[in-house]
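Protein chains: 2
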Amino acid sequence: MNAEIIAVGSELLLGQINNTNAKFLSQQLADLGVNVFYHTVVGDNAGRLESAIKIAENRAELIIFTGGLGPTKDDLTKETIAKHLQTNLVMDDTALASIEEYFKRTNRPMTENNRKQALVLSGAKVLPNDYGMAPGMFYQTENKQYMLLPGPPKEMEPMFLKYGFSAIKSQSVEEAVISSRVLRFFGIGEAMLEAEIEDILDNQTNPTIAPLAGDHEVTLRLTAKHHNLDAALTLLEEKEKEIMAVVGDYFYGYDDTSLFKELSKRMQEKKLTLSAAESLTGGMFQETFTSIPGAGGLINGGVVCYTNEVKAKVLNVKLETIKNEGVVSATCAKELAENVAKLMESDIGVSFTGVAGPDELEGNPVGTVYIGIYHDGEARAEKLNLGGSRTSIRKRSSLYGAYFLLKSLA
Amino acid sequence: MNAEIIAVGSELLLGQINNTNAKFLSQQLADLGVNVFYHTVVGDNAGRLESAIKIAENRAELIIFTGGLGPTKDDLTKETIAKHLQTNLVMDDTALASIEEYFKRTNRPMTENNRKQALVLSGAKVLPNDYGMAPGMFYQTENKQYMLLPGPPKEMEPMFLKYGFSAIKSQSVEEAVISSRVLRFFGIGEAMLEAEIEDILDNQTNPTIAPLAGDHEVTLRLTAKHHNLDAALTLLEEKEKEIMAVVGDYFYGYDDTSLFKELSKRMQEKKLTLSAAESLTGGMFQETFTSIPGAGGLINGGVVCYTNEVKAKVLNVKLETIKNEGVVSATCAKELAENVAKLMESDIGVSFTGVAGPDELEGNPVGTVYIGIYHDGEARAEKLNLGGSRTSIRKRSSLYGAYFLLKSLA
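Chains as they are written, first to last, in the UniProt record's numbering: chain S, 1 to 410; chain Z, 1 to 410.
If you are wondering where the hints come from, they were derived from the structure by calculation, not from laboratory data.
Just so you know, these numbers come straight off a predicted model, no measurement behind them.
Please note: incorrect hints may appear among the correct ones.
[Stated by the list, open to error] The list that follows gives simulated cross-link-like pairs (lysine-lysine, DSSO-like), each with its CA atoms no further than 30 Å apart:
hint : chain 1 : residue 1 : chain 2 : residue 2
1    : Z       : Lys54     : S       : Lys83
2    : S       : Lys395    : Z       : Lys154
3    : Z       : Lys83     : Z       : Lys154
4    : S       : Lys318    : Z       : Lys342
5    : S       : Lys313    : Z       : Lys342
6    : Z       : Lys271    : S       : Lys323
7    : S       : Lys54     : Z       : Lys54
8    : Z       : Lys104    : Z       : Lys169
9    : Z       : Lys73     : S       : Lys225
10   : Z       : Lys261    : Z       : Lys407
11   : Z       : Lys271    : S       : Lys313
12   : S       : Lys342    : Z       : Lys342
13   : S       : Lys313    : Z       : Lys313
14   : Z       : Lys54     : S       : Lys144
15   : Z       : Lys383    : S       : Lys104
16   : Z       : Lys318    : S       : Lys342
17   : Z       : Lys104    : S       : Lys270
18   : S       : Lys104    : Z       : Lys407
19   : S       : Lys271    : Z       : Lys73
20   : Z       : Lys169    : Z       : Lys144
21   : Z       : Lys261    : Z       : Lys154
22   : S       : Lys383    : S       : Lys407
All chains, full assembly: derive it from the sequences and hints.
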């Protein structure tokens, strides 16, 4: 099956936002074994949209639209498709109820144009929107399939994963099983990882191996094709073993996980609580940790300790430490980790102190970071020398904190 | 003049990277007054690329290609265009010398396929690549213009700015000045904002007004065209006044700013320091604030107070408050804001307590949030009922905190 992704929205053509939806959907379709041959972006203009639809119908069996399902006048995706396919728009009662409920719950008046969002193509399978108002649709004709998804990624992505993926899968005529697995690595760069497994990459056939530099980490996506699922899985297992023998030290998890998710799983298993003292990271470690549903129960609380005064008065870092070794030091990191754990009555303490830039601090160059870890009555510190921007130094410090804790609790 | 941007690269269709080049070029073309009506992405396949070229020639006068100019076999953009336009590729001596020089400088052996990168369309204006090897090209026929740019953004962007922009500008018959301005609004939804200014939107001509729902905010981009810059600016001023008369209450800043940037500017002017006590937001407010370079000096420190014990023991929330009103209450929010300011010796305190979900808390539904603000010896609290996911509730709470503080310090 061949697919085309059509994004509808003048904001894309004005360069206001990236078409991240096309990237997300392309990855998902690759996993389904569906070939994507074209992406198209068209503005909020009925004539040009209809022309794009006709072109897509000449070169794809599945056409996925994103955007243009909202309440305003320039949202015209479903209206244009309905006209093109000579079908009607009908009110979907479930979608309407959900929109009314949304306004009720958030205590806002519902304007008339919001009702328009509950109109769907007559005969379409409706895809519920669990994170917004406009429902999606899956509509089939004799030889084409049309999927309509909302534009905001935070609505589109969960909708596709929960409802869209299976709708397409059940239609896919492909008999071969596509099975894939993502291996995630931290603490090694993409070029270095590829150099280490160069022989394996050069000789790949089935599974294929796709390296990708992600958000301060590197992933390898292994994809095996076979008409038998067990055989596909065996192909994956074998290739994974080969890879792990070379770079297994940097591996931390599979598929859609993260360092923080792995850490929270590990802590839940061991029934441990954690507190953080954050100087240069300014709360990023705790924010990332508590963004995982359920991880909140593993953190009692913590402190953002930007100034020396707060380090000394609130977290009892010794004045002689600050005077003799400075706040950018292993000793300060250890005291912060131990004292925040005690103040918050947690099992584990972690601390971040260092130089995010733009300026040097206490003679230490930008990128000097100490991470303190307190556990089982003992404190230790790890020193990092990080390159990159202020944002990148903060982000990687926070990730290294999770990485060191994960390795400590192995 | 109408343009289409064609990105060539299978990695885009596999979802490995975002087509950020299209965003960058669209912005640049908008500034030149060139209308972009379509983006297309096509893989490294000569037949499908030629078909995309034919379609683009039917709907655009200027076609900009990105990608496929490299040394490997699947780089075939210029070969396909040369064949389609029935012209030849010729060796460009300057480009070849620059490639040879590059290998010499980096001390690497030059392989034969790298020579291929110096081949250009016969008759094209060559655009030098100051940050890589493959040169760009600008080629004109009687009624079409073709620009070929490399795929990596770090090569493409400087090449376009230094050489591509002026090549197009000198061709552009449009003498008008394009001037634009973005107005940013918070605390009002896109549908509501559009409903409020429906008359203004319906009657727009020059300036045009493009609404866009952003990351929990709404923006309006006003774009005026005139042959005289001052007159264009006056058109913007007048339209802005009309809009502000209706929805000015929700306005917070212009162009490329954010609530947190505006708040840090305001605090710097007033020489104020701030501390936060964060329950449901788990550090997000402080992390966002300290991510702005220089804003660190405005925050002494703060507390993440997830559990009731930390709220009571570290931040001295009264036990009777917790017992009688609960931690999800205006009283608790006020005590948190006041006590964190005092603990950290800051001028202002802000606090976040509420229910991010997935479960209810103390009988309060998910989305109930109290934000406490302490300033000039007085504490007050704002109540919110937010919809959406856990992530969205946390994010919007943090943004509302910045918004209320910004309004308080007006």
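Right, here's what the structure says about each hint:
Restraint check: the Cα-Cα separation between Lys54(Z) and Lys83(S) comes to about 27 Å, which is no more than 30 Å; the hinted pair holds. Taken as a hint, the Lys395(S) and Lys154(Z) pair is honoured in the structure, with Cα atoms around 22 Å apart against an allowance of 30 Å. Proximity of Lys83(Z) to Lys154(Z) is assessed by CA-CA distance (about 28 Å); at most 30 Å being required, the pair is judged to hold. For the given pair, Lys318(S) sits about 22 Å from Lys342(Z) by alpha-carbon distance, which is consistent with the 30 Å threshold.
Distance check on the hinted pair: Lys313(S) and Lys342(Z) sit about 12 Å apart at the alpha-carbon level, within 30 Å; holds. Restraint check: the Cα-Cα separation between Lys271(Z) and Lys323(S) comes to about 27 Å, which is no more than 30 Å; the hinted pair holds. Distance check on the hinted pair: Lys54(S) and Lys54(Z) sit about 15 Å apart at the alpha-carbon level, within 30 Å; holds. For a cut-off of 30 Å, the pair hint linking Lys104(Z) to Lys169(Z) is broken: about 36 Å separates their Cα positions.
With a C-alpha separation of about 25 Å, the suggested pairing of Lys73(Z) with Lys225(S) holds against the 30 Å cut-off. At roughly 14 Å between alpha-carbon atoms, Lys261(Z) and Lys407(Z) fall within 30 Å of each other, so this suggested pair holds. Note on Lys271(Z) and Lys313(S): the hinted pairing holds, with a Cα-Cα distance of about 23 Å set against a maximum of 30 Å. Of the pairs offered as hints, the one joining Lys342(S) and Lys342(Z) holds, with about 21 Å between alpha carbons and a cut-off of 30 Å not exceeded.
Restraint check for Lys313(S) and Lys313(Z): satisfied, since their Cα atoms lie roughly 16 Å apart, inside the 30 Å limit. For the hint linking Lys54(Z) to Lys144(S), the alpha-carbon distance of about 24 Å falls within 30 Å, and the restraint holds. Distance restraint check for Lys383(Z) and Lys104(S): the Cα-Cα separation of roughly 16 Å lies within the 30 Å cut-off, and the hinted pair is therefore satisfied. In summary, the hint linking Lys318(Z) to Lys342(S) is supported, as the alpha carbons are separated by about 21 Å, within the 30 Å threshold.
Distance restraint check for Lys104(Z) and Lys270(S): the Cα-Cα separation of roughly 56 Å exceeds the 30 Å cut-off, and the hinted pair is therefore not satisfied. In summary, the hint linking Lys104(S) to Lys407(Z) is supported, as the alpha carbons are separated by about 27 Å, within the 30 Å threshold. In summary, the hint linking Lys271(S) to Lys73(Z) is not supported, as the alpha carbons are separated by about 55 Å, beyond the 30 Å threshold. Taken as a hint, the Lys169(Z) and Lys144(Z) pair is honoured in the structure, with Cα atoms around 15 Å apart against an allowance of 30 Å.
Distance hint between Lys261(Z) and Lys154(Z) is fulfilled; the C-alpha atoms sit about 27 Å from each other, no more than 30 Å. The hinted pair formed by Lys383(S) and Lys407(S) meets the criterion: a straight-line CA distance of about 16 Å does not exceed 30 Å.
The structure is inconsistent with the numbered hints 8, 17, 19, although it conforms to all the rest.
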